[in-house]
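Q: Now for the letters of each chain:
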Amino acid sequence: MLTKRIIPCLDIHEKRVTKGVKFKNNVVLGDPVEMASRYYEEGCDELVFYDITASAERRPIDIEMVAEVAHAIRIPFAVGGGISTVSDMSRVLLAGAEKVSVNSLAVANPDIIAEGARAFGAQCIVLGMDPVAVEDTTTFPSGYEITTRGFRERTGMDALEWARKAVDLGAGEIVVNSVDADGTRAGFEIPLTKLIAENVPVPVVASGGAGNAQHLVEVFEQAHADAAIIAGMIHTGEFTIPQIKADLATAGVPIRKVW
Amino acid sequence: MIAIIDYRAGNLTSVRLACESLGLDAQITSDPAVIQTAQHVIFPGVGAAGAAMEHLRELELIDTLRAVVDSGTPFLGICLGTQIILGHSEEDGGIDTIGLLKGDVRQFRPSDPLVKVPQIGWNTVNQKHPHPIFDGIENESEFYFVHSFHPAPEEHGCILGETEYANVTFASVMGKNNLVATQFHPEKSGRIGLRLLKNFANWNGSSC
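Respectively, the protein sequence lines represent chains Y and L.
The first sequence begins at 1 in our numbering and counts up one residue at a time.
The second sequence begins at 1001 in our numbering and counts up one residue at a time.
It is possible that some hints are incorrect.
[Claimed, not checked] Using 16 Å as the maximum straight-line C-alpha spacing, the simulated EDC-like pairs for lysine to aspartate or glutamate come out as follows:
| hint | chain 1 | residue 1 | chain 2 | residue 2 |
| --- | --- | --- | --- | --- |
| 1 | L | K1128 | L | D1104 |
| 2 | Y | K15 | Y | E68 |
| 3 | Y | K257 | L | E1138 |
| 4 | Y | K257 | L | E1154 |
| 5 | L | K1128 | L | E1138 |
It should be emphasised that the hints constitute simulated quantities derived from the structure, not laboratory data.
Extracted from the complex, chain Y is given alone in its bound form:
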């Protein structure tokens, strides 16, 4: 049986893992390679790295770090932040990443999704999206608007419409990162995740709001997420991946048992 994936997310700023709330007040947590190795040993299923300031500062991603991570772990990982061209993607993938994640720069230039999928296959191209709940359901039928550049800019784009378009262009997976839930550790935004998961044919990764194992059970069972991103709950040491997996197994969620 295909298991649900638990994916620690490492936000990188100046070669260090940081964590903030809603992309603000970031504090330094540690070294990316050391943390990735620890989570790999503890049995995480995949990892994702976001160079959180690359896009805003309009600079390329830290390839050296990607290569070091690739040497250290033997599970797939995705890298995002500052990827705007096929050659950016190529550098990240050749350094050993399994997937690239595009977000703000795909909103500005959606063709990058199609170009990436043609060059490397759809399974390599992850669309990250940062939707925020809005009241105006005439302009935004899904009730969510896409934001970019670390929630700093509104786009006028409807979340579901963008998800569908990205899949048509060739995105092989979608990470739905709720602006409202991000960093709160109060649970995933279930209606948003469910809406996207039920309406696109590719796997959906829930992101934003994970605070305990019960939140993960909810997002897998109620919102049909295929995978979930966790960050603060393990970065602080409050929970460990084996604990979380044991709780998920008890709740009947299919997870990877042996690693």
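Following the hints, put chain L in place on chain Y, whose structure we already have.
A: Only chain L this time, still in chain Y's reference frame:
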């Protein structure tokens, strides 16, 4: 030396890194002479079958692959490499592929909209026959899969492991004589995947 065949079908970095982490001497190559003198050959690949077959023809590697398999050299197919070892694929409108094993490659067509294609993630492998590549690997261990099509070999005897997805039980590990092939990615399947690669590197190609 292990030759990792480069036929411009995806990124071979993680296959090389996995071999290196096991202390194996692995070389990424598309040179037929290097491939034919290697002690072990890995035939990986991601992407579309049509483009992969075109690249193999351009690089004149199809006869090399047949020669390597006929010579008894231990041979490991991975993911797309595994699929195009079979004779035909539904991908790209239906195309003939190498045909080292009889059978074809079919697309997942889930009836449930919540079952997603591609299958991405860790799924269990039910070991149907003992084989040296399974040494030390518990039955029903999980491996990492990324694929939209799956192998459907004609000879049931070559099915070494099976996996279930989208209401299909498919051959996730195939083997015949000195050839083994996995639909999943051992190089990205953590310690268990490394064990499978190590078993392959230690295998002399004789079937049990």
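Q: Run every hint past the structure and note whether it holds.
A: Here's how the hints hold up against the structure:
1. Under the criterion of a C-alpha separation no larger than 16 Å, the hint pairing L/K1128 with L/D1104 is inconsistent with the structure, at around 20 Å.
2. For the given pair, Y/K15 sits about 11 Å from Y/E68 by alpha-carbon distance, which is consistent with the 16 Å threshold.
3. A distance of roughly 11 Å separates the Cα atoms of Y/K257 and L/E1138; the hinted pair therefore holds under the 16 Å criterion.
4. Restraint check for Y/K257 and L/E1154: not satisfied, since their Cα atoms lie roughly 32 Å apart, outside the 16 Å limit.
5. Using a Cα cut-off of 16 Å, the hinted pair L/K1128 and L/E1138 holds, with the two alpha carbons roughly 12 Å apart.
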